[in-house]
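Start from the sequences, fold in the hints, and give me the full structure.
From first to last, the protein sequence lines are chains U and F.
Converting from the first sequence to the working numbering requires adding 7 to each position, the first position being numbered 1.
Converting from the second sequence to the working numbering requires adding 4 to each position, the first position being numbered 1.
Certain hints may be false.
[Unchecked claim] Lysine to aspartate or glutamate pairs mimicking EDC-like chemistry, simulated, CA-CA at most 16 Å apart:
(1) F/Lys108 - U/Asp99
(2) F/Lys159 - U/Asp14
(3) F/Lys159 - U/Asp16
(4) F/Lys61 - F/Asp20
(5) F/Lys108 - U/Glu22
(6) U/Lys18 - F/Glu174
(7) F/Lys108 - U/Glu15
[Claimed, not checked] Estimated spans, in silico, between C-beta atoms of each pair:
(8) F/Ser12 - U/Leu75: 57 to 65 Å
(9) U/Ile67 - F/Gly149: 14 to 22 Å
(10) F/Pro8 - U/His29: 23 to 31 Å
Derived by calculation from the structure, the hints in this document are not laboratory data.
All values derive from a computational prediction rather than experimental measurement.
Cβ atoms here follow ideal geometry from the backbone N, Cα and C, with glycine treated the same way.
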Amino acid sequence: MNDPIPDEDLKGLFERQRAADHERAPEFHAMRTRALAAQTANPPKMPLAWRWALPGAVAIGLGLAAVLSLHHAAKSPTAAPDTLAREFDEIDAALKGSLAAQNAAAAQFSTEPPSLFPAWASPTASLLDSPRISQ
Amino acid sequence: MDCPEIFSQLEVLHRDAFGWAVSCCAGDWHRGEDVLQAAYGKALRGKARFDGRSALKTWWFGVIRLTALEEARGIRRWLDFLKLWQAEPQERDTSAQAAEKDAKLIALSTALLALSARQREVLHFTFYQRLSVSEAAGIMRISVGSARQHYERGKTRLRETLQQQGIIHERSDS
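Structure, rendered in structure tokens:
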């Protein structure tokens, strides 16, 4: 494909513009020195991925820690372990006392007076006795 | 290619690169200088690396173009902020205005601003940088056919505008 026919009028105008720009162009070495100075003043930043990943990981860690601590707090009673042990002992002692009282009462009422009649027995109870052979 | 070697080659391209940076900034010399400075900073920091897949000029002009776009986005955000506060942006100091009020250059600069960005770019590469349309297409990352279309339309429109203003005369062969 051939290049388009050059336009001398436009070419002349652009040449003029080019000359004006070149005259105005700042010195290369000055610009390079400024760029170097800027680089020294502002050291390269962390890569973009790390700039997001690091705070993200910290945030996730903090969130997990918060959730775990909340979960643990919900599971465990709020009272101190010493107080709980003391309460448990007191309840245990009270239960033991209550049982002993019940047993004593039962023993007192179980001593019945002797009956005038023989104890009741089934009419067929003798059939259950093992046979005896008289000699 | 290491950094000092690249910079020795960039020095050769420096003036043309400045012209391209100014063109990317719609003829604003100050902004063009800032853009070129930022592009040098990118090259020094290794943010823009030449991998040898294209010509150095193609790569470097691409870096400048991208840097200018980034700066323009920042400026647009700043202007939006200014609009929010009912403030008016200052008048641009274009290269043509600063060039001792050269009427022809002012007319060229104004006529170029009326073109689309693609048309302006391809005309800059072909007329100002003396590149071929296919080389311009390489820098602009478009097909040669597309670049040619932008070139033809842009040139016709630019000619019409400049003829209306009496800057150039109608061509005898057209």
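So, going through the hints one by one against the coordinates:
Proximity of lysine 108 of chain F to aspartate 99 of chain U is assessed by CA-CA distance (about 107 Å); at most 16 Å being required, the pair is judged violated. For the given pair, lysine 159 of chain F sits about 9 Å from aspartate 14 of chain U by alpha-carbon distance, which is consistent with the 16 Å threshold. Proposed proximity of lysine 159 of chain F and aspartate 16 of chain U is supported: the alpha carbons are some 11 Å apart, at most 16 Å. The straight-line distance between the Cα atoms of lysine 61 of chain F and aspartate 20 of chain F is roughly 10 Å, inside the 16 Å bound, and the hint therefore holds.
A threshold of 16 Å between alpha carbons decides the hint, and for lysine 108 of chain F with glutamate 22 of chain U the separation of about 12 Å falls inside it, so the pair holds. Straight-line distance between C-alpha atoms of lysine 18 of chain U and glutamate 174 of chain F comes to about 15 Å, which keeps the hinted pair within the 16 Å bound. Annotation: proposed proximity of lysine 108 of chain F to glutamate 15 of chain U holds, straight-line Cα distance about 15 Å (limit 16 Å). For the pair serine 12 of chain F and leucine 75 of chain U, the beta carbons lie near 59 Å from each other, so the given range of 57 to 65 Å is met.
Taking 14 to 22 Å as the suggested C-beta distance range, the pair isoleucine 67 of chain U and glycine 149 of chain F does not conform, at roughly 51 Å. The beta-carbon spacing between proline 8 of chain F and histidine 29 of chain U, approximately 25 Å, falls within the hinted interval of 23 to 31 Å.
Consistency with the previously given hints fails for numbers 1 and 9, ordered from lowest to highest.
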